[in-house]
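J.: Protein sequence lines, in the order shown, are assigned to chains Y and P.
For the first sequence, numbering that gives the first Met the number 0 assigns the number 0 to the initial residue and increments by one for each residue that follows.
For the second sequence, numbering that gives the first Met the number 0 assigns the number 0 to the initial residue and increments by one for each residue that follows.
Everything labelled a hint here was simulated from the structure, so no lab data went into it.
Worth double-checking, as some hints may not be accurate.
All copies of an identical chain are treated as equivalent in the list; a pair is satisfied when it fits inside any one copy or across any two copies.
Claimed, not checked - Capping the alpha-carbon separation at 30 Å, the derived lysine-lysine pairs in DSSO-like fashion look like this: (1) Lys12 to Lys156; (2) Lys457 to Lys181; (3) Lys43 to Lys191; (4) Lys12 to Lys181; (5) Lys256 to Lys181; (6) Lys191 to Lys79; (7) Lys571 to Lys457; (8) Lys191 to Lys12; (9) Lys156 to Lys191; (10) Lys12 to Lys457.
Number of protein chains: 2
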Amino acid sequence: MGDIYESVMELAKRRGFVWPTSECYGAVAGFIDYGPLGAMMKRKVEDLWRDFYVIREGYYEIECPTVGAEAIYIASGHVKGFADKMCQCPHCREYLRADHIAEAHGKANAAVLSAPELSAFLRLLPCPACEGELGDIEVFDFNLMFETQIGPGSQRKGYLRPETAQGIFADFNRLVRFYRNKLPFGAVQIGKSYRNEISPRQGMIRLREFTQAEAEIFVHPEHKEHPNFALYTDYEMPLLGIVQQQTSAPPLRISMKNAVSRGLVANEYVAYYLALTHELLVCAGVREEKLRFRQHLPDERAHYAEDCWDAEIFSERFGWVETVGIADRTDYDLRAHAAHSGDSFTVFIPFDTVRYERKRRIIPDMGVLGPRYRGKAKQISEALAAADPGEDGVEISVDGERFFIARDLYREVEEDVEIRGIDVRPHVIEPSYGIDRMMYAIFEHRYDEEMVEGEIRKVLRLPPRIAPVQAAVFPLMNRDGLDEIALSITQSLVEQGILAQYDDSGAIGRRYRRQDEIGTPFAITVDYDTLEDSTVTIRDRDSMNQVRIAKNDVPETLRLLINGTLNFDLLKK
Amino acid sequence: MGDIYESVMELAKRRGFVWPTSECYGAVAGFIDYGPLGAMMKRKVEDLWRDFYVIREGYYEIECPTVGAEAIYIASGHVKGFADKMCQCPHCREYLRADHIAEAHGKANAAVLSAPELSAFLRLLPCPACEGELGDIEVFDFNLMFETQIGPGSQRKGYLRPETAQGIFADFNRLVRFYRNKLPFGAVQIGKSYRNEISPRQGMIRLREFTQAEAEIFVHPEHKEHPNFALYTDYEMPLLGIVQQQTSAPPLRISMKNAVSRGLVANEYVAYYLALTHELLVCAGVREEKLRFRQHLPDERAHYAEDCWDAEIFSERFGWVETVGIADRTDYDLRAHAAHSGDSFTVFIPFDTVRYERKRRIIPDMGVLGPRYRGKAKQISEALAAADPGEDGVEISVDGERFFIARDLYREVEEDVEIRGIDVRPHVIEPSYGIDRMMYAIFEHRYDEEMVEGEIRKVLRLPPRIAPVQAAVFPLMNRDGLDEIALSITQSLVEQGILAQYDDSGAIGRRYRRQDEIGTPFAITVDYDTLEDSTVTIRDRDSMNQVRIAKNDVPETLRLLINGTLNFDLLKK
Chain Y
0 MGDIYESVME LAKRRGFVWP TSECYGAVAG FIDYGPLGAM MKRKVEDLWR
50 DFYVIREGYY EIECPTVGAE AIYIASGHVK GFADKMCQCP HCREYLRADH
100 IAEAHGKANA AVLSAPELSA FLRLLPCPAC EGELGDIEVF DFNLMFETQI
150 GPGSQRKGYL RPETAQGIFA DFNRLVRFYR NKLPFGAVQI GKSYRNEISP
200 RQGMIRLREF TQAEAEIFVH PEHKEHPNFA LYTDYEMPLL GIVQQQTSAP
250 PLRISMKNAV SRGLVANEYV AYYLALTHEL LVCAGVREEK LRFRQHLPDE
300 RAHYAEDCWD AEIFSERFGW VETVGIADRT DYDLRAHAAH SGDSFTVFIP
350 FDTVRYERKR RIIPDMGVLG PRYRGKAKQI SEALAAADPG EDGVEISVDG
400 ERFFIARDLY REVEEDVEIR GIDVRPHVIE PSYGIDRMMY AIFEHRYDEE
450 MVEGEIRKVL RLPPRIAPVQ AAVFPLMNRD GLDEIALSIT QSLVEQGILA
500 QYDDSGAIGR RYRRQDEIGT PFAITVDYDT LEDSTVTIRD RDSMNQVRIA
550 KNDVPETLRL LINGTLNFDL LKK
Chain P
0 MGDIYESVME LAKRRGFVWP TSECYGAVAG FIDYGPLGAM MKRKVEDLWR
50 DFYVIREGYY EIECPTVGAE AIYIASGHVK GFADKMCQCP HCREYLRADH
100 IAEAHGKANA AVLSAPELSA FLRLLPCPAC EGELGDIEVF DFNLMFETQI
150 GPGSQRKGYL RPETAQGIFA DFNRLVRFYR NKLPFGAVQI GKSYRNEISP
200 RQGMIRLREF TQAEAEIFVH PEHKEHPNFA LYTDYEMPLL GIVQQQTSAP
250 PLRISMKNAV SRGLVANEYV AYYLALTHEL LVCAGVREEK LRFRQHLPDE
300 RAHYAEDCWD AEIFSERFGW VETVGIADRT DYDLRAHAAH SGDSFTVFIP
350 FDTVRYERKR RIIPDMGVLG PRYRGKAKQI SEALAAADPG EDGVEISVDG
400 ERFFIARDLY REVEEDVEIR GIDVRPHVIE PSYGIDRMMY AIFEHRYDEE
450 MVEGEIRKVL RLPPRIAPVQ AAVFPLMNRD GLDEIALSIT QSLVEQGILA
500 QYDDSGAIGR RYRRQDEIGT PFAITVDYDT LEDSTVTIRD RDSMNQVRIA
550 KNDVPETLRL LINGTLNFDL LKK
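The shape of chain Y in the complex, shown without the other chains:
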């Protein structure tokens, strides 16, 4: 089949799935356009994601701007830490990813090396662009955020968001109120994110502008049991844990229940979203045998994360590609935003029953304090109530002035104070999907070539749910009323919400091939028998089998075939 990447991208370009962006001016690396079929398919993939996260999990979607003020990204740590190690070739002046060069020359996990370490390692290596020896080369940090100015006069620095997550965190206090102060709750966002990659050369896999679908699920730190964990207790899938990686063992095929009970996965929440992600990816068209879940090694895992896994998808061209990250980020993000903004970023969780704590209360003797301190008496009594007196009395400070209040100017009483609940800072469970990488994986995994009647048939075996055209309708001939019948069938499908395409141009075999290439799962042909017995043929893309069904049954039959309720093989009697 040759290089599958080339074949897939040739088809994707030619048929309107993915195009180089602004090609007439020379495409810009790291950016792509989704053409008519690609944009339709991408929307279907996003809607599938929403079916899982918004409809099934019940997490509302929100929409934050892509341009963010500097303050958010100082708090999130991106201004300081969101950088790649870069160097510039002294010969050809090309900018290069220092860690990528090191990895290409056998240094495993080079991303964790420091700038001087990388610099030392690179000395004798050739520049990947011009082959000149890199020599005494400086390695430095290049921040990956696109920077811009908000408003005139450089008043305000802004960044294109490096992830959608921070917008959700910044809205935390509003979200808590929306969800009426109950944990757990979640919010999701699907939208563009940006990373100003140093020299992206991997097509859809490393984009400077890409689409993320992220869920931020806020859970009680002491309750990491997912309420619907039962759904996945027996779900089995391949997990490549830290131990497996360190001992070069193959992935462990294990149920989620066992993965949690044996401590391979940190908690039910993480395990639940590992399984859900597996189900979602397979449902979108990723081949199960080319999908694994790899745990971050201690030195690659963020210091704050309790557990972190990548869903990795195998590509013939790119190897194992990280496509989804699933992490327990603890309270790191909310704590950071609390520290920087001054807001609390907590949820008040009432106790089931009110508790009482015995507390000392100080009651100032205003009869003495009043006349003695006059205008300041009120402030002094307030400061006193909040103070923690010693045996003789207490020194307090009011407006910078200090006063010693002796023991006989107040009384101390012990009281039972009502405690209704506690402020809890939730932990965040984050599944984060790269939609473009999913799209590429689906293209590669679903692309196929086979010999049919002496010719190569190119076929995109897309799941019917995400195919950009779900049904093609052909009149055998463009006359004798066949075309009118075919048009009216097309219309009735469109009214049912099925993406149907009418095509009457060229030989019927060529029309089938055209639809095979774009992954149309079913084709309806209206022929001369239709005029006599009101039946049409329905053809299955994958098997190329054909069955006759009643014309009037077409919309309902297709609906069931597309949503998966009906299997094509059962149509044959």
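Guided by the hints, dock chain P onto chain Y, whose structure is given.
T.: Okay, now just chain P, sitting in the frame of chain Y:
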């Protein structure tokens, strides 16, 4: 009702429609977040738009990056011309829109004034921020594009797109092939666009990051008859043409057929999208009596546009707000991109029957040329074939060298040459929608307060199609099995694709009010009668009328009520 803007935005904030962005760090003017209900509603509005443009009109959606290389925006004219007139107050240093100040002091259409003209007009006016006299103030152009750098080392300047349209234009050559070289065709895009406004102070009306929905329809310059114009020939709506504006006449209520035949609207395509836009906006919830279409005056219309109209929506707070622009942009954009990129940006349109043109052909005499010019003979004969000889012969140039080829070294013949068709540069019809302004208009037009039983009822009278919650389901009491029945009804609605929300907290009246505020059109209540006769009440948000229907009929009844097939009043017998 007080200031409706304040009331609407208070509700929008409190209930999770629209939030200030990154509020915990101080909101940034010109940016907003859509909260859970707002994002849901916005998606519904976008889907409604797709129903019109993608499904009905058949124009495919594409998705281009928001970051674009400089070349596109040089070609489109944005680098040079996409600017507002700005000045800076000498006293408070605030940046100000010069034309806005002039307009606030009675200068009509100040945007068309030059910088010196504005400067002169502003002299004696007070700064709107500090009230100091502006005096001898400089007015200059401020480019409204957000600028950034693509890649390291300032290699490449990039801009955040000021409109989605340019991405479609840049893909023109690919689109032509996708649509198999036939005119007319269209492509649409829904996505973020950016304008770095100088000092935006109008909430959702003037955003620095906003969502556009644009359609670019490519038509044959000599065929501006819309194939489905019959749909709108008799559609009547208020048009405020140039003449009406110049004579201070009210808008003309006129059918599209007459608008075109009387020359008020330039052609059928423009008229068609005026009517479609009217239908779409009303369908989305804009009040018909607060909607008009205003033609651009000659001095505000872009020089290249053949005709241009704004759909203006009336706001209590902001007056008439431009929300949709509908223009015949002629071949301006494609011509500009052709000139800058070197690509043709044309469609080859074959003639119905092949035509012949009589043409002179030059046949070089290779018997002489060959020996004489040897290695250069081939190039010379090619240059000769393309030349236009005079009486004696012709001078040609090969590789910078000039040769005079005398008359006897070639023959001239006259031939009939086959002409199969012609390269046509299409004209562009562009309806361009501001989704955020639509959202605000819907909020304002659909917000209502009324006295009910001595209390103010706040209600958002959203069309059921775009309501973020379409049906609420309440158990009268949270026990005796009522809750289970209500939950199972909720579940059956969700499975039907209806956005249903279960709510069992608080008194039933309070629950109704909560749903009224967020615009939920229907509420189902399960009460003790349900246990006996399997009926439930269904309540209509607007009339507050209630009817009992069979429990099992709920999903189908709601489906019909929501899609508009069934009117609530007909439920009562």
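J.: Does each hint fit the structure? Answer for all of them.
T.: Each hint tested on the structure:
1. Lys12 to Lys156: between (37 Å within a copy, 26 Å between copies)
2. Lys457 to Lys181: So Lys457 and Lys181 pass the 30 Å test across copies only (26 Å; inside, 52 Å).
3. Lys43 to Lys191: Both: 16 Å inside a chain and 19 Å across chains, each within 30 Å.
4. Lys12 to Lys181: between (48 Å within a copy, 19 Å between copies)
5. Lys256 to Lys181: Within one copy, since 26 Å is at most 30 Å while 58 Å is not.
6. Lys191 to Lys79: both (22 Å within a copy, 27 Å between copies)
7. Lys571 to Lys457: Classified as within; 25 Å inside a copy, 58 Å across copies.
8. Lys191 to Lys12: Cα proximity of Lys191 and Lys12: in one copy and across copies (22 Å, 24 Å).
9. Lys156 to Lys191: both (19 Å within a copy, 20 Å between copies)
10. Lys12 to Lys457: Only inside one copy: Lys12 and Lys457 sit 14 Å apart there, 52 Å across copies, limit 30 Å.
No hint from the list above goes unmet by this structure.
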